[in-house]
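Residue numbers (my numbering), protein chains in the order written: chain A, 1 to 389; chain B, 1 to 389; chain C, 1 to 449; chain D, 1 to 310; chain E, 1 to 291.
In short, the hints are calculated from the structure, not lab data.
Warning: the hint list may mix true and false statements.
[What the hints assert, rightly or not] Taking lysine-lysine pairs in the DSS-like style, the calculated list, with each CA pair at most 30 Å apart, reads:
1. D:K120 - E:K277
2. E:K21 - D:K228
3. D:K120 - A:K135
4. B:K105 - D:K302
5. C:K140 - C:K43
6. C:K261 - C:K182
7. E:K200 - B:K135
8. C:K233 - C:K441
These figures come from a predicted structure and were not determined experimentally.
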Amino acid sequence: MAKITIDDVTKRFGEDDEAIVAVDDVSLDIADGEFVVFVGPSGSGKSTLMRIVAGLETQSEGDIEIGDAIVNQLGPRARDIAMVFQNYALYPNMTVEENMSFGLKMSTDMSDSDIEETVTSAAEMMDIGELLDNKPGELSGGQQQRVALGRAIVRDPNVFLMDEPLSNLDAKLRAEMRTEINRLQNDLGVTTLYVTHDQTEAMTMGDRLVVLNYGELQQVGTPLECFYRPENQFVAGFLGSPSMNFFEGSLDGGTLRTDGFDYDLTERMQSSANGRNDLVLGIRPEDLTLHDDPTGGHEFEAVVDVVEPMGSISYVYLQPRQQDHEQTFIAETDGQRPISEGSEVYVEIPDSDVHLFDAQSGETVHQRKLDERAEVALEERMQTVSSSD
Amino acid sequence: MAKITIDDVTKRFGEDDEAIVAVDDVSLDIADGEFVVFVGPSGSGKSTLMRIVAGLETQSEGDIEIGDAIVNQLGPRARDIAMVFQNYALYPNMTVEENMSFGLKMSTDMSDSDIEETVTSAAEMMDIGELLDNKPGELSGGQQQRVALGRAIVRDPNVFLMDEPLSNLDAKLRAEMRTEINRLQNDLGVTTLYVTHDQTEAMTMGDRLVVLNYGELQQVGTPLECFYRPENQFVAGFLGSPSMNFFEGSLDGGTLRTDGFDYDLTERMQSSANGRNDLVLGIRPEDLTLHDDPTGGHEFEAVVDVVEPMGSISYVYLQPRQQDHEQTFIAETDGQRPISEGSEVYVEIPDSDVHLFDAQSGETVHQRKLDERAEVALEERMQTVSSSD
Amino acid sequence: TRGGDGSSGGGSTGDGSGNGSTGGSSDDLAIPLSKYDADIDWKQFDGDQINIGAVQHPWVDAIKPAIPVFEELTGIDVQWNILPEQQFRTKRQTDVSTGAGQFDVFFMDQVVNQFRDEGWLQPLDPYFDDGSLYDEGWYKPDDLFEASRWQAHGGGYSDNWTGLPITVEVQTQFYRKDLYDKHGLEVAETWAQHRENAKVIHENESDIVGTAGRGQKGYGMNIYILNTLLRQKGTKLWTEFPTDSGLDTQGVIEAADWYSKLLQDYGPEGASTQTWSDVQATMAEGNTGHIVADANMFWGGLTNDESNVADTVRIAKVPKPEGGELNPNAFNWQISTSKNASNSEQAFLFMLWATSQPTDLWMHTESSGVFSVRQSVWENEDYRSKVGEDYAQISLESLQVAAPDPFDRKYPEWGQRYSEELQRTIAGQKSAEEAMTQAAKVAEDIYSG
Amino acid sequence: MSTPTKTETTNDTALGSLRDVWNDYLPYWFVAPMVLVMVMITFFPGAYDLYLSLIAEPTLNVFQAEFVGLRNFRTAFTRGGAFHSFVITITVVVSALFLETLLGFVLAAFVAGVDSSRAKSFYRVLFILPMAVAPVSLATIGRIMLNTEIGVIPYVINTLTPFAAPNFLSDIPLLTVILLDTWNWTPFMFIIFYAGLSSVPDTLVEASRVDGAPLWRRYVHVIIPYMKPVVFVATLIRLIDLFRTFGVVYGLTNGGPGTATQLVSINIYEQMFINNQMGVAAAIAVVYLVFVIAIANIVIAKVGFEGVWD
Amino acid sequence: MATQDIEPGASQRLDKETREKLVTVIRHAVLLTWSFVVLFPLYWLVSMSLKPPGQANSLPPDWIFLPTVYNYIQLVQQSDFLAAFANSLFMVGASVILVLLIGVPAAYVLSRYDIPMERDVLVWILSSRMLPPIAVVLPFFIIFQELNLFDTRIGMILMYVSINLSLVVWVMKAFFDGIPETLEEAARVDGATQFQGFRKVVLPAAKPGIFSVAIISFIFAWIELLFGLVLTSFKAVPVTLFVYSFIGSRSIEWSMLAAASTAMIVPIVVFLIAVNKYLAAGLSFGVVIKE
Ligand SMILES: Nc1ncnc2c1ncn2[C@@H]1O[C@H](COP(=O)(O)OP(=O)(O)OP(=O)(O)O)[C@@H](O)[C@H]1O
Ligand SMILES: Nc1ncnc2c1ncn2[C@@H]1O[C@H](COP(=O)(O)OP(=O)(O)OP(=O)(O)O)[C@@H](O)[C@H]1O
Ligand SMILES: [Mg+2]
Ligand SMILES: [Mg+2]
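Turn these sequences into a full structure, and let the hints guide you.
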């Protein structure tokens, strides 16, 4: 167990001229026992950063510290980590059992029977107990992924690195595994780096979320912080599913004129805008309210383009009635609310839920309002994390 | 383009005695141009069934018809399909462009320039236009997956087979790709079989959902049908995230006594129960209502175990106050609702949202009620599908 | 005996003791030690060991049972290293050219002058002059055939003994008596008749060719036969040594032409690639009317029970030209010792013993020898009755007039080229004239360049 | 939390440090024995041949040696027949290599595609066997089997087919040599190609089948490119080996008729062990070594490092 | 409409099906033909060894004959064939193990690490097999004399190693190149040392390659003649030279030659059968290209 310091790490692939910068000057302190989740679009450098921490890839610049030692020169073995690879990387010639016990045999002095016991119980936990004698080639994708996960968790390493370990599991199993991993991490107190694309995992598993884009750090903070207090438009748009709706517009007095509707900024917003002219208004689909009839609030008319019923909820794709370019935005409604494509609705934008971003830099200009109590909870969580640092 | 008939198909792996039945006597008619989504837990035989349709695996029993011909004897080439493999299966020696154009070169007479055009535009669509000259080994997981997807969609096959084509993408990209695939499938009208673990994809993409478990067909129907009218407890529990909560109990007069609370069945429920004694009550987390104070409805006291804030919503893990075994269930609440772990709440179970299942067979005994209009919409959708058969 | 047993390639491992010098009373010995009662100090190297590099050859088989005699007589232990010719050459060359000196005694053939020239051979004359090593009265060197002695002196190129001859093979004719009788043929006295007989058989028998002969290149192959022919045409190799090879003289060209035509017309298909073993196999299978070959070596193979023609094959002297003299080619194996060898004197004792009259006689009467270099043996009645009067007499008469090839020091090199050219002629790729002119040029070049 | 323990750095017992020396310099340990053997078997023989080629008569004592410059080289290419034997060698190498590669691959692919695993095993063993026949046996028995008068092969051809059997050793010696070598050494290609084929992941082949590639295109575009290193190496090694073919050809034709099958190796043999022209033999060997190294370099540069190892 | 769409395509495809049937037919034709080509000379060799002496070369051939093991009995009884055979088995077997021990790790390093002047190093390694053995046998003889390796088993084992080393290095490098590096990465993360990763993960995946080069190396050493001839004389004589002993200076013992030749093939067949399954067990259980 150990803290990890990532210090000005940059990784370039390829020749100087046409080098791809996979990781761009990232610095990050991860406390001992902390659970950090990496998110970011595909190709943003998450796996690369993990591989650098693992010692599988050598950074072009910067240092990695594990514990108190700079480990730049050490190989993966010396770093004592366990890793779940994005593509599983199971040993094709070994059975599931051998795959899982390999790490223990290599890195510990455990007796064979202890190893067998550990592996068997981990396999039971992963629900692959019956597959112990199979070779990876005979397993389904999800089973392989569980073997890869099991291979990592039977170990007792300094650091866990998990690269989308649940991506091939179904929702139910994923929920189980999520809990399992969380419990395990709590019990063992092992510093964990975790990559995921799943919103639920990102929001619920980590102590902190690290958002990457094009190899650059976008925001580091608790999940709620990132969700409610995104530092820039990218983070705001990236977290939450469906994504936050963005409406670009320019300020005309106190009114933001977008292609589709006008929105009157509140005073607080105006002061936040602080003279900026081009702003982007952001609002999450679940915060939009649809009315069949006008209610006289901040609202505008829109036409229902598509309805995606999800069961309990539905996603409604809408187009503002007056619009120059064809653009849709999304609102979430109750799944049983009858709403038919082509019909017209009134869309209300609650003032409290609006974010404003600088159109050029993407920087957040104005954050939404939270309930007071939620605000407190958020603060608390933020403190919890910083105290464990 | 072609309809597909799967007729009593069974697939066993291994020797007679210890054979694994990966697909168990599945029959299914898929209409020309239909978009069918396969879901089921890991290892339930989804990939195997796809591979059988593709001609990559030979079924142990049963027939596959594509168009009007039985294709059991035909290889994949003759079946004219395009497939996205769960593990990508990109050609490591070819660049992204070559990977994508390979199928076209092999199966069509298109001129080189046409091929290049098609590939380039597909690559743009997938947002991998800049990677065309890279080799798969240089791509991130999500980029590889997009190449695999692109490789399939540039073709114009009889059938699309897609095995979790979006599992490694982030939420935003996934949403885009989902729309893209839907649009494409609509435009081309190609019969499509699609495997996914993602609830959103399962609910929104397919004309019909096919739910598998242990190789056996559990239910075939429109997504909403499967969601609202699950034929058995497995389907009910499998669709929806978090899963439906189940409370097992036995009937005592008109009251279902579960470990934690008693629930009085409505008359309609009682008649559905029809003398069965052991029942399972099912209710989705989003249908439970939490009250700080008793309201006098169908409700019981519970203790908050854990709160998982997801942003707009939170999942609340609860334990009934009076309980013999420690069991938690989940309720969904507004994300900003302050609720602290250890506090007590009153849980209301709305009668209209309750499902009942036979405890032995898992068969659905009673379905929840829907709003009338939702009911109508559901019926409509069901008709739409059956008419396209 | 020590070392291999005649079938081992590399001279397989012997058990190291066997019936060596220490054991066995003289009663068990093949030849009584009393036969070696000469004025020679046999025991002077008691306890030493010599290593013999030998070719896979009947001589080895024949002498092996007598080796304990030598070991008893001298106290010298004998190790064998027995290999087929080609492999033996490689090994011998490696041994002497690197100065390793592993072989104390080794078989020597047409490269004798070359080896002598390189200084690799130990002349034997000093040993002949050493009273403790040699007793002329007992050894009777004059009993050796003249041709053999001549060849042991480097085929006339050396004043010294380069080794001692152990076997001689002389050319004779073999023919199928049944076929000759059937077609009313006479045994050929002249080459013209030889050709005529071949023609008759070739044309009248369906699956049988008239004659077979060596066409393959290499020493001991095609030129071994051709040399006989050309000498009998009255020409010889080296009209003027080393400036005129004589290969492009009319006689040589005619001989080459004649031999090629014979094989082309009445020989088997692909005669140009036939080696002695093909020729022998063809004869033994009964597929040819007659052949010209070495009497000693072929006789056994043609008359044993593996042969299809054991009962019908007969022997005769080689034909001679119309009005010419009989002087068949012959080939001697000799054994020599090298300057680098550590036991040359011991080796000399072995050579002396092995080629002495008692040993030679025993080999031919009691053992399997058929190739004696001693006249007295061919005249021995026991031997004559053992091998057959016919065979013995024809061999003896041939041997007395035999004329082995003179191996000059670059013979192997130009001989190889000469045989290649002849092979081309036999294969019909070149005219005899062209080929022999080329051969002559090469031979002369080799000496001038 | 406890401080991280790193066995590697904290364990400084003798055993531990020995292990460190082993692990830290692993690549060096891995190549050291190979380099040692290679130095021994390349430098000395090469130097020795070069030395021999420059002196008049073989002697091991450098101070006694009479250096004659390039005389041996001149002799090699005048009456030594070196040029001719180069031509013959190249002919044999090119044709045999072509046949063996093609046949080896076709057989490997065909056997890999056989359904029954028993039949597969059978073919695998059978097809490797020709390589196991010792050259001496092959040459000797080959000679007798091909013998026009008493050989079984001409007999079979003459009795079972309408064609007259050619004279293998005198009419078509070069072709015979090439075919015999093909018989003898196709197994080499077969076995390596076969192993190479089994290293191609199933999923790739499946993907190409789904992509609609017909059988041969699957090979050309997916399978062969994947196993290109293996194909390339097998072919290169066979090429190099073909350049030094000796035993079978020597036994079969002795380089003849004439010098029709006089391979360089046979020429060197004759110069060295028959003609006793060791200097000339060494001169040919030196030129030959340079020649083959050049060929190997060209092949590697043209085919190898572009695409195989880039 | 759907049916019309598929009909022409399907019929065209059926044609392709027949074409693929044709492939199967061709496959079997080729395999059987080559089997015959391979088997006929081998059959002839074996049958010669089972015929009584004298019958070996008779024409028309005795296709049917009463087999006799006479020649084999002769072979075993009359000579030290068995001893030489055992000696060769030992030397060749040991050399194969040694050459794998030396060559496989070296190949691994060449495959995985950036070697300066890699190409030249590889060519250098290959150059060890560029000269005909004939041209290098003399220097080897000298070295062996100097190092007291002449006529020793150790010497012959080293010799065989040197014959095969370049082959092992090159072929194995190619195989290692085809094994994804992620496997070792996983192993290293699992706490394996580089060496353990190599031994436990990479080597098993390279099995077909290893067994292939093992067989080839075995065969190369087993049939090696020249070095055995020149570098031994009594103690370490390999069995190859034995086969020569039936080529006398004036006759060839055909039956014995055939018997010895046949006997020499036996260990290779045994070896082959023993490792047969490994030849095919690749990374992914082998490609099976059907249709
Ligand atoms: N080649 C094989 N040999 C033996 N068993 C196999 C083989 N392939 C699949 N199976 C087994 O068949 C069952 C179904 O596998 P399949 O790959 O179809 O599952 P899946 O539904 O696609 O699962 P996932 O969602 O995890 O990809 C699994 O239990 C698997 O272990
Ligand atoms: N070996 C390599 N050579 C060249 N470029 C590479 C290499 N590995 C990764 N890259 C590039 O570096 C960038 C970051 O890749 P990385 O695998 O870290 O992304 P990721 O965030 O893990 O994405 P995903 O979510 O899709 O897995 C990508 O653009 C990728 O193409
Ligand atoms: Mg990644
Ligand atoms: Mg699957």
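Taking 30 Å as the top limit, are the C-alpha atoms of E:K21 and D:K228 close enough?
holds, 28 Å
With the threshold set at 30 Å, check whether the alpha-carbon distance from E:K200 to B:K135 stays at or below it.
Measuring from Cα to Cα gives roughly 28 Å; hence the hint holds.
Decide if the proposed pair is consistent with the structure: D:K120 and E:K277, CA atoms, cutoff 30 Å inclusive.
Given that 30 Å is the threshold and the Cα spacing comes to 10 Å, the pair holds.
Taking 30 Å as the top limit, are the C-alpha atoms of C:K261 and C:K182 close enough?
holds, 25 Å
Does the alpha-carbon distance linking B:K105 and D:K302 stay inside the 30 Å limit?
Cα-Cα ~27 Å, so holds.
Within 30 Å, alpha carbon to alpha carbon, are C:K233 and C:K441?
Cα-Cα ~21 Å, so holds.
Given the hint that D:K120 pairs with A:K135, test it: the Cα-Cα distance must not exceed 30 Å.
Measuring from Cα to Cα gives roughly 23 Å; hence the hint holds.
Holds or violated: C:K140 to C:K43, with C-alpha atoms at most 30 Å apart:
Holds, at roughly 21 Å.
In this structure, every one of the numbered hints holds.
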